Amino acid sequence: MRVQEIMTRRIATVHQDDRLAFVQDIFTQSAFRHLLVLNGQEQLCGIISHADMSRALSPYLGTDAEVERDRDTLQRRVHQVMSRDVITITGAATLQSAARIMLEHNIGCLPVVEQEKLIGLVSWKDLLRQMIK
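Oh and the sequence shown: position 16 is 16 in my numbering, straight run, nothing missing.
It is worth saying that the hints were derived from the structure and are not from the lab.
Computed from a predicted structure; not experimentally measured.
Idealized CB from N, CA, C, for every residue including glycine.
A hint or two may mislead.
Claimed, not checked - Restraint-style ranges between C-beta atoms, simulated for each label pair: (1) ALA21 <-> LEU128: 30 to 36 Å; (2) LEU61 <-> GLN96: 14 to 20 Å; (3) LEU103 <-> GLU42: 26 to 32 Å; (4) SER97 <-> TYR60: 41 to 47 Å.
Start from the sequences and build out the full structure, keeping to the hints where you can.
Here is the structure:
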């Protein structure tokens with residue numbers, strides 16, 4: 001079976017200059033765990049995960065101990081936090097290849113790219129769903 005058969009085609013993206021407050025809103029309001037980051041030319045330039053956000057934001061946000069500098073962490077830009085070395089896969093790749101890459105690199109998803117165009121995303125959950133069918 002090929003990646004293109006199970007990948008998620010509805011992908012959430014943000015831009016590299018968006019603020020973390022915007023990203024936090026997306027993560028809070030949706031089930032997404034990864035957001036793909038686009039540059040000004042709408043090309044994939046990074047990925048930001050829920051875990052990246054947790055590390056970047058102050059742990060005091062939303063608590064009684066919150067101060068201004070904690071709120072300031074929400075004003076940082078996506079490009080300051082995102083992973084830049086994005087590992088991608090093609091839609092024609094096998095599910096075994098996708099699983100191997102994710103395990104080798106300890107990552108939870110792979111953007112699917114064809115001819116430098118972002119067409120989808122395959123995650124470890126997509127692979128598990130297919131395995132139990």
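So, going through the hints one by one against the coordinates:
1. ALA21 <-> LEU128: 30 to 36 Å: For ALA21 and LEU128 the Cβ distance comes to about 32 Å; the hint holds.
2. LEU61 <-> GLN96: 14 to 20 Å: Given a distance of about 41 Å, which is not inside 14 to 20 Å, the answer is violated.
3. LEU103 <-> GLU42: 26 to 32 Å: Holds, at about 30 Å.
4. SER97 <-> TYR60: 41 to 47 Å: Holds: the Cβ-Cβ distance is about 42 Å, inside 41 to 47 Å.
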